[in-house]
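Chemist: Hey, can you work out the whole structure from these sequences and the hints?
2 protein chains.
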Amino acid sequence: MTTMAKARPRTRIQTQKRGIILEAALDVFSTHGFRGATIDQIAEAASMSKPNLLYYFRRKEDIHTALIQRLLDTWLQPLRELDEIGDPLTELRGYIRRKLEMARDYPRESRLFANEILQGAPRIMELLETDLKSLVDEKAAVIRAWMKAGRIAKTDPYHLIFSIWATTQHYADFDVQVRAVLGPDRGGEGRFEDAARFLEQLYVEGLRPKG
Amino acid sequence: MTTMAKARPRTRIQTQKRGIILEAALDVFSTHGFRGATIDQIAEAASMSKPNLLYYFRRKEDIHTALIQRLLDTWLQPLRELDEIGDPLTELRGYIRRKLEMARDYPRESRLFANEILQGAPRIMELLETDLKSLVDEKAAVIRAWMKAGRIAKTDPYHLIFSIWATTQHYADFDVQVRAVLGPDRGGEGRFEDAARFLEQLYVEGLRPKG
DNA sequence: CTAACGTTTGTCCATCCGGTCAAAAAATCG
DNA sequence: CGATTTTTTGACCGGATGGACAAACGTTAG
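Sequence lines, in order, name chains A and B. Sequential numbering from 207 applies to the first sequence in the working numbering. Sequential numbering from 207 applies to the second sequence in the working numbering.
These are computed hints drawn from the structure, not numbers from a lab. Here the structure is a predicted model, which means the values were calculated and not measured. Check before you lean on any hint, since a few could be wrong.
It does not matter which identical chain is used: a pair holds within one copy or between any two.
List of simulated lysine to aspartate or glutamate pairs, DMTMM-like, C-alpha gap at most 20 Å [said to hold, decoys possible]: (1) LYS339 / ASP391; (2) LYS416 / GLU406; (3) LYS360 / ASP400; (4) LYS360 / GLU344; (5) LYS256 / ASP246; (6) LYS345 / ASP293; (7) LYS339 / ASP381; (8) LYS345 / ASP400; (9) LYS345 / GLU335; (10) LYS339 / ASP400; (11) LYS345 / GLU290; (12) LYS360 / GLU399; (13) LYS360 / ASP343; (14) LYS354 / ASP400; (15) LYS360 / GLU411; (16) LYS360 / GLU395; (17) LYS360 / GLU406; (18) LYS256 / GLU395; (19) LYS266 / ASP293; (20) LYS256 / ASP279; (21) LYS354 / GLU229.
Modeler: Following this line, the structure appears as structure tokens:
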């Protein structure tokens, strides 16, 4: 798990402070991007001095890397849970809902990821081509099997997955735009419930197998 | 159109050089964001010295502003063309195709916009709340009328528009990720045709009016 | 208590970056 | 051509920024 040279055991204070730093850095990186974020900002947000922060992470990039590695794991969890055994439409609906919940509950993580991809993914290209690709290949095969069995409409499983990513993450990444158009969160159950209902309908009807 | 103080007529060289600068700046801003882009990079990409560039645009932000204003107009054009008179499903299919074509042909513009929104849209918030909002309100009303008339399935027109934005722009903004998953553009008609077919099917089936 | 180790801070530095300025070089115009 | 205006450039500046360092401070175990 740790990457230190001589495998020093991590101190209580170290784990704690590193956690605080990562939390603060998530705030800063997700709203300003890697280049736009400054160590001073992160230190300020973490309530410590810059040299002190640099004692826990030697370089700015180390913080970013730690953040992204922690992120990718949880980020792909909803897709991992897509179960070949279950009912296809129920599984996909569940996947959409879980992704939407992540966009609602972890918007900063979504933006951090979006920022990284937008700028060409210089720091995570390798992870995309290995971990991400193999997971998507696996799940696309599952979806394709469902299609072959006539349980959902035949279409391109990869683009189906892309569209689910796009539509759900949109509510985190483009939140400002959504709010500008819809105005401040209207009463009732809230914007996310509206989005969930819309997406559910779109995908369930759009993927219903044809007579 | 121009914003110069004493309305000096623009020189031939000025129009030309400003064009070159904007083109170069689009490259740089779209891949690094506003903060991440440097004037030197833009000058380098435009093959001129920094002071020379600053002779045409006094501040870095001026370049960005010019770029975004030019962008927003063409960016919303596809939505403007959504015609109340036409057949609803045909109109929406056409809208999706036009948006997808823009993502294919103008990915830098898409990323420039995405970058700006991601970072909280500090420079275009006002435009979003006026121009964008009023156009979306107008077209959402058109779509709602179609729904009321039973010509397409009843659902939330705003989230429908958002989902079209999300799915189409995804192919420009997350291009790196798409390529990492699908591998280098596979033979045949290309990735965009696959995406177009998928989205067309999803939306046409998903919005087909019920019984 | 004290030695060893972990933590925190003030100071400092080199580089980058946005932007200025004056002077040289083109271009334009009469 | 010569005068005036536009364009281009090299040198420079002040502030921000990533990071180094050593000294001071705290903690802990023998």
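Chemist: Hint by hint, say whether it matches the structure.
Modeler: Now for the hints, and whether the structure bears them out:
With identical chains, the CA atoms of LYS339 and ASP391 are at most 20 Å apart between copies only, with a shortest distance of 15 Å across copies and 36 Å within one. Taking CA atoms no more than 20 Å apart as the test, LYS416 paired with GLU406 passes in both settings, with 18 Å inside one copy and 15 Å between copies. Taking the shortest alpha-carbon separations for LYS360 and ASP400, only the inter-copy value of 13 Å comes in at or below 20 Å, while the best intra-copy value is 27 Å. When the C-alpha separation of LYS360 and GLU344 is checked against a cutoff of 20 Å, the pair qualifies only within one copy, where the shortest distance is 17 Å, while the shortest distance between copies is 35 Å.
Proximity of LYS256 to ASP246 under the C-alpha cut-off of 20 Å is restricted to the intra-copy arrangement: shortest distance 6 Å within a copy versus 28 Å between copies. Taking identical chains as interchangeable, the C-alpha atoms of LYS345 and ASP293 lie at most 20 Å apart only when both belong to the same chain, with a minimum of 14 Å there against 36 Å between chains. In the homo-oligomer, the alpha carbons of LYS339 and ASP381 lie at most 20 Å apart only across protomers (14 Å), although the nearest pairing inside one protomer, at 27 Å, exceeds that limit. Taking the closest pair of Cα atoms, LYS345 and ASP400 come within 20 Å of each other only across two copies (18 Å); inside a single copy the shortest separation is 27 Å, beyond that limit.
With identical chains, the CA atoms of LYS345 and GLU335 are at most 20 Å apart within one copy only, with a shortest distance of 15 Å there and 40 Å across copies. Proximity of LYS339 to ASP400 under the C-alpha cut-off of 20 Å is restricted to the inter-copy arrangement: shortest distance 18 Å between copies versus 31 Å within a copy. Only within a single protomer do LYS345 and GLU290 lie at most 20 Å apart by alpha-carbon distance; the minimum there is 8 Å, versus 40 Å between protomers. Only between protomers do LYS360 and GLU399 lie at most 20 Å apart by alpha-carbon distance; the minimum there is 16 Å, versus 28 Å within a single protomer.
Taking CA atoms no more than 20 Å apart as the test, LYS360 paired with ASP343 passes inside one copy only; the shortest distance there is 17 Å, against 34 Å between copies. In this assembly of identical chains, the alpha carbons of LYS354 and ASP400 lie at most 20 Å apart only when taken from different copies (18 Å versus 32 Å within one copy). In this homomeric assembly, LYS360 and GLU411 come within 20 Å of each other (Cα to Cα) both inside a single copy, at 13 Å, and across copies, at 12 Å. In this assembly of identical chains, LYS360 and GLU395 lie within 20 Å of each other by CA distance solely across copies; the values are 19 Å between and 34 Å within a copy.
In this assembly of identical chains, the alpha carbons of LYS360 and GLU406 lie at most 20 Å apart whether taken from the same copy (18 Å) or from different copies (13 Å). For the homomeric pair LYS256 and GLU395, neither the shortest alpha-carbon distance inside one copy (43 Å) nor that between copies (53 Å) is at most 20 Å. For the identical chains of this complex, LYS266 and ASP293 are neighbours neither inside a copy (46 Å) nor across copies (54 Å), given an alpha-carbon limit of 20 Å. Proximity of LYS256 to ASP279 under the C-alpha cut-off of 20 Å is found in neither arrangement, the shortest distances being 29 Å within a copy and 43 Å between copies.
Within a single copy, LYS354 and GLU229 get their C-alpha atoms no closer than 45 Å, and across copies no closer than 47 Å, so neither meets the 20 Å cut-off.
Checked against the numbered hints listed earlier, the structure breaks hints 18, 19, 20, 21; every other hint is satisfied.
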